[in-house]
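Chemist: Residues per chain, in single letters:
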Amino acid sequence: MPKAPLLAPPGPPTLTFRWDGAPVAACPGDTVASALIAAGELATSRSAKYRRLRGPACLHGGCGTCLVRVDGRPNQRACLTPVREDMVVEPQNTYGGLDPTALVDQIFRRGIDHHHLVVYPRLANQMMQGVARELAGFGELPDAPPEGAAGLFDHVPEVLVIGAGRSGRALAAALAAAGRPPLVVERRAAAALPAAERPARLLAGVGVFACYPQERLWAAASEHPPVLHRLRPRHVVLAVGAHEPTIPLANNDLPGVVSARGLADMLEQTGRRLAARVVVVGEGPRAELLAAGLGAERVAPARVHKLLGARRVKGVQLDDGKILRCDLVALAPDPAPAFELAAQAGAPIRFTGAGFAPVCDPDGRIAAGPAAHPLEAADAQTAPPPPWTLWAVGELAGATTPAEIQASVDRCAAALLRALAESPAPEDSHARA
Amino acid sequence: MTARTFVCRCEDVTLGEVERAIAVGLADVEEIKRYTGLGTGPCQGKECLSALGRLLVARGLVPAAALRPFTARPPVEPVTFGALAAGATGPVAPEDPSR
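Here the protein sequences line up with chains A and B, keeping their order. Residue numbers for the first sequence follow UniProt numbering, beginning at 1 and rising by one. Residue numbers for the second sequence follow UniProt numbering, beginning at 1 and rising by one.
No lab work stands behind these hints: they were computed from the structure. Please note: incorrect hints may appear among the correct ones.
Calculated from the model, a selection of chain A residues having no Cβ within reach of chain B, i.e. all distances over 12 Å [said to hold, decoys possible]:
1) Ala8
2) Arg187
3) Ala195
4) Gln269
5) Leu289
6) Leu308
7) Leu318
8) Lys322
9) Thr401
10) Glu404
Label-pair distances were calculated between CB atoms; the ranges are [as the list claims (entries may be wrong)]:
11) B:Glu19 to A:Gly321: 21 to 29 Å
12) A:Tyr95 to B:Arg20: 26 to 34 Å
13) A:Phe138 to B:Arg73: 15 to 23 Å
14) A:Ala132 to B:Gly16: 14 to 22 Å
15) B:Arg20 to A:Pro387: 31 to 39 Å
16) A:Ala292 to B:Arg73: 35 to 43 Å
17) B:Met1 to A:Ala292: 31 to 39 Å
18) A:Ala196 to B:Arg20: 32 to 40 Å
19) A:Ala367 to B:Ala27: 26 to 34 Å
20) B:Arg20 to A:Gly293: 24 to 32 Å
21) B:Ala66 to A:Glu197: 38 to 46 Å
22) A:Leu123 to B:Arg20: 21 to 29 Å
All C-beta atoms, glycine included, are put in the ideal place defined by N, C-alpha and C.
Produce the entire structure from the sequences given, and follow the hints as far as they go.
Modeler: Here's what the structure looks like:
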């Protein structure tokens, strides 16, 4: 059944891929998620416990509900996967349109208390364990093992910038202009970045997945092609931005409930335009900016009674009973800094009121803090300090507006260049100035 | 479909389940994670952790200065076993010249 398109293409669609067996038209620059949303296909999976329909939500590689099977490989993020001609994309953890497991949501209307559910009688417990085991897990194994072993690359950059969003690109440009181009690692494909702003030294489609301070390295990987990158930088700039946390509203999980920031970025990246009615839920200047950018009506979360719809969102019911009909609900919460890599690197972490963030000075320099836990303190006494200086820019450093992000980048770039001038590269560094 | 308010969509943890955890006396991010499963799905807390933190602070259950996140263990991005295994063996290649 064809569905009404929600995003207009920037030009005539020239690509076709298969979604759940049916052809879907796409444009160069589309991700699987943008093409599916454009086509009105909003659900990509069912949830673990209540078996509710879920779809792309954060549109930013963070949330985990747009995981799909692509050309026989499970758990690919639709929002980060560029569309290729003839690719075969399938939903995960669903069993066609009429999913009998969706009854779980109806049966357990008062919620599932898994601490006590069907513990007795034991026979019933055994049966339920059997069913639960069948339901658990994500996707199914790949169709075929990977061809050959994964590649391995070692890098010893003077400066590593993690993230090529607004702040990462601007910082890389500032350092490059001073003759110190950094190595930039970005999990999105290079095509997702504006061509004029692509850093000179860029590992795109590569996600930094860990910092191992005791091994003195940062680790990044791509899946397609399978490659592991080991990075031993002298300076690390975390330009990893922020997550968009959920806003607790009734039915905030419906397909079509997306991040306003993610939607705005997706439109910018793909050149698509909204052809759908959107309601932004959020408050404050950032939510107002996002709503204005999307040309959407905005309501404060406190006014929302619930989101309406069954298989996809259809509207917003307000506390006064008024109903705002829409095709997409865009949530605009206060962003929560992506603190995870900083925490792994040993940065002191504090709660900002919106989320957790590393403690840094106005230039973004993250001081090695006192260990939060006695066991960590014991480690810190025996292990040498990590051989890098850690920096935070942009949203991770607390900036929210474009002007604040630019100011954060300017301060960090100036301080970093001063630090580089004060301590020239050691002999064993392979970094190219 | 039953109307539910989700704090963690990965593990289907509702606001009601978090309330139940608070009602039995749990008031800490780590405790509530262990009790409800919140934050243990594929997103590893990117969507729910700060939402829970805000809730606990707003209720006066934890002072903001004392609030701790749960441990952000690797991997923070998906990585295949194949790529991880490449780090255990294999020659060390020079810096990728093609980039």
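Chemist: Under the constraints set out in the numbered hints, which ones does this structure not fulfil?
Modeler: 2, 6, 15, 18, 20
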